[in-house]
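**Q** Chains as they are written, first to last, in my numbering: chain A, 566 to 808; chain B, 566 to 808.
Incorrect hints may have been included.
Identical copies go unnamed one by one, so any copy, or any two together, can satisfy a pair.
Unchecked claim - Below, computed lysine to any residue pairings styled on SDA-like, alpha-carbon distance capped at 20 Å: (1) K773 / T750; (2) K680 / H691; (3) K680 / P690; (4) K575 / S603; (5) K774 / E763; (6) K661 / D801; (7) K661 / D705.
The hints are simulated quantities; they were obtained by calculation from the structure and are not laboratory data.
Predicted model only: the values in this text are computed from it and were never measured.
Now for the letters of each chain:
There are 2 protein chains.
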Amino acid sequence: MNNISFASIKCSNCPIRHRAVCSRCDDGELTLLENMKSYKSFVVDEVILWRGEPLEYVASIVEGVASLSKTLEDGRTQMVGLMLPSDFIGRPGRTKVEFDVTATTPVTLCRFERKRFERLVLETPHIVQRLMEIALDELDAARDWMVLLGRKTAREKIATFIEMLARRSLVGIPENNVSIELPMTRDQIVNYLGLTLETVSRQFNALKKEGVITLSGRKSIRAVDLSSLHCATGDDADSDLNS
Amino acid sequence: MNNISFASIKCSNCPIRHRAVCSRCDDGELTLLENMKSYKSFVVDEVILWRGEPLEYVASIVEGVASLSKTLEDGRTQMVGLMLPSDFIGRPGRTKVEFDVTATTPVTLCRFERKRFERLVLETPHIVQRLMEIALDELDAARDWMVLLGRKTAREKIATFIEMLARRSLVGIPENNVSIELPMTRDQIVNYLGLTLETVSRQFNALKKEGVITLSGRKSIRAVDLSSLHCATGDDADSDLNS
DNA sequence: CGTGAGATTGACTATATTCAACCCTAGTGG
DNA sequence: CCACTAGGGTTGAATATAGTCAATCTCACG
Numbered sequence: 566m567n568n569i570s571f572a573s574i575k576c577s578n579c580p581i582r583h584r585a586v587c588s589r590c591d592d593g594e595l596t597l598l599e600n601m602k603s604y605k606s607f608v609v610d611e612v613i614l615w616r617g618e619p620l621e622y623v624a625s626i627v628e629g630v631a632s633l634s635k636t637l638e639d640g641r642t643q644m645v646g647l648m649l650p651s652d653f654i655g656r657p658g659r660t661k662v663e664f665d666v667t668a669t670t671p672v673t674l675c676r677f678e679r680k681r682f683e684r685l686v687l688e689t690p691h692i693v694q695r696l697m698e699i700a701l702d703e704l705d706a707a708r709d710w711m712v713l714l715g716r717k718t719a720r721e722k723i724a725t726f727i728e729m730l731a732r733r734s735l736v737g738i739p740e741n742n743v744s745i746e747l748p749m750t751r752d753q754i755v756n757y758l759g760l761t762l763e764t765v766s767r768q769f770n771a772l773k774k775e776g777v778i779t780l781s782g783r784k785s786i787r788a789v790d791l792s793s794l795h796c797a798t799g800d801d802a803d804s805d806l807n808s
Numbered sequence: 566m567n568n569i570s571f572a573s574i575k576c577s578n579c580p581i582r583h584r585a586v587c588s589r590c591d592d593g594e595l596t597l598l599e600n601m602k603s604y605k606s607f608v609v610d611e612v613i614l615w616r617g618e619p620l621e622y623v624a625s626i627v628e629g630v631a632s633l634s635k636t637l638e639d640g641r642t643q644m645v646g647l648m649l650p651s652d653f654i655g656r657p658g659r660t661k662v663e664f665d666v667t668a669t670t671p672v673t674l675c676r677f678e679r680k681r682f683e684r685l686v687l688e689t690p691h692i693v694q695r696l697m698e699i700a701l702d703e704l705d706a707a708r709d710w711m712v713l714l715g716r717k718t719a720r721e722k723i724a725t726f727i728e729m730l731a732r733r734s735l736v737g738i739p740e741n742n743v744s745i746e747l748p749m750t751r752d753q754i755v756n757y758l759g760l761t762l763e764t765v766s767r768q769f770n771a772l773k774k775e776g777v778i779t780l781s782g783r784k785s786i787r788a789v790d791l792s793s794l795h796c797a798t799g800d801d802a803d804s805d806l807n808s
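All chains, full assembly: derive it from the sequences and hints.
**A** Pasting the structure below:
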């Protein structure tokens with residue numbers, strides 16, 4: 566997958582064409598974007614944007630996973646978002662970056678110069694509409710995460726995390742024995758869930774001992790028993806059947 | 566303030582005219598909204614929307630404070646948003662409510678039938694633009710709250726909470742001896758901060774003993790020493806000078 | 001095959017929760 | 001006008017959960 570060259574890909578062939586900020590655009594609007602865009606790639610752990618930096622570009626993630634995180638004065642950090650392909654980085658109307666953006670896997674961005682993009686936004690309702698939808702979806706995700714951070718136990722946090730990954734890697738119908746590749750290191754999981762390394766490790770192995778999951782290698786998990794995994798999340802039986 | 570009648574207020578005289586979803590609208594667009602809107606008031610603790618309910622209306626908060634919250638299976642609840650005047654409840658494109666919405670003070674809404682509003686949105690870029698801005702602002706707030714929930718100590722949570730209220734009730738320049746009215750009960754504060762009643766009580770009184778704040782009555786706080794209050798939040802010295 | 005970063009495990013500790021008793025104070029009715 | 005009451009709030013002691021510190025392991029890589 567990583568050997569695709571994005572140097573000169575056409576928007577019409579873009580893998581995120583149907584979900585990204587441009588998804589509602591017609592051919593004319595797409596041509597405008599086509600002329601503005603530039604691709605840029607980042608290696609694992611490379612910082613895409615530093616907090617406080619002036620925001621020169623906004624961008625869609627074409628490929629890979631990026632994380633948004635905030636850090637307190639004494640170094641404690643909390644991940645506040647996980648950006649997947651078709652997600653949008655940066656926002657029109659803001660001149661500074663609000664958090665550190667880091668590539669947790671190799672990442673390719675489709676970038677637009679912020680000022681030009683802002684001008685385009687004012688004249689292109691289809692883009693604003695899509696941006697609004699994207700923002701509202703992220704808001705829903707952020708709010709679910711607030712429940713996890715504020716009220717869930719370490720065990721429930723881990724179970725929720727694995728279930729989320731399992732759901733994403735599934736085609737449609739949930740079935741057992743789903744194998745999952747963690748898109749991040751333990752260290753990043755820790756900051757995502759608001760826990761420590763040791764606690765994350767202990768909870769992974771507790772779930773393993775109980776036969777809910779199996780671990781193989783460093784970043785590979787198999788969800789053996791999805792129903793007991795779900796029970797461990799603390800969530801309603803029927804919640805979140807969207808997304 | 567509560568004896569204003571909103572039954573027939575004109576949009577042009579509306580207290581939230583310059584900040585709400587309609588803030589960018591021109592006279593023509595405003596007339597369309599004027600003909601769609603209806604006011605509705607709620608008493609303290611009245612539920613405005615239940616989670617899972619079909620979303621008949623979207624609305625702006627004209628007056629009062631409302632809370633958004635989510636509840637886990639076993640009853641643990643987490644507040645995921647605090648809505649103030651000019652904030653927008655509901656979202657075009659969603660047919661169900663994602664969380665419980667409750668009036669924490671007397672609330673007056675300016676409501677629009679969702680379906681009609683959605684049709685208007687498609688034709689009115691000014692509204693979509695503003696909705697996007699509002700959503701992105703809420704997203705910023707949600708992300709700050711994620712840091713608080715995931716990484717801050719009880720003391721830091723309380724200090725951050727008080728500082729936020731102090732900043733809101735200030736005109737502009739920070740000065741000491743700010744008096745603050747809590748817009749919620751201890752119980753709601755608990756769910757906002759992801760703590761327990763006892764812990765909140767203890768931390769309030771610890772800050773009082775240290776002379777950082779004084780308490781009088783049930784819902785009244787005075788922030789005596791804003792700088793030591795800020796030190797207790799764990800935040801960067803210069804962060805969040807927007808909002 | 002050796003190395004070192006990443007991950008695990010164990011022992012101990014700290015922080016916040018739980019459980020329980022008690023205290024205010026605003027609002028009520030005599 | 002005052003005493004009573006109930007709900008919200010406070011305080012204390014015991015407990016639990018996750019964090020800290022430190023030693024050890026293991027896997028992926030050269």
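**Q** Does each hint fit the structure? Answer for all of them.
**A** Here is what the structure says about each hint:
With identical chains, the CA atoms of K773 and T750 are at most 20 Å apart within one copy only, with a shortest distance of 18 Å there and 42 Å across copies. Taking the closest pair of Cα atoms, K680 and H691 come within 20 Å of each other both inside a single copy (18 Å) and across two copies (19 Å). In the homo-oligomer, the alpha carbons of K680 and P690 lie at most 20 Å apart both inside one protomer (17 Å) and across protomers (19 Å), since each shortest distance falls under that limit. Taking identical chains as interchangeable, the C-alpha atoms of K575 and S603 lie at most 20 Å apart only when both belong to the same chain, with a minimum of 11 Å there against 48 Å between chains.
For the identical chains of this complex, K774 and E763 are intra-copy neighbours only, at 16 Å inside a copy versus 35 Å across copies, given an alpha-carbon limit of 20 Å. Proximity of K661 and D801 under a CA criterion of 20 Å is satisfied inter-copy only: 16 Å between copies versus 38 Å inside one chain copy. Taking the shortest alpha-carbon separations for K661 and D705, only the inter-copy value of 12 Å comes in at or below 20 Å, while the best intra-copy value is 23 Å.
The structure fails none of the hints (numbered hints given earlier).
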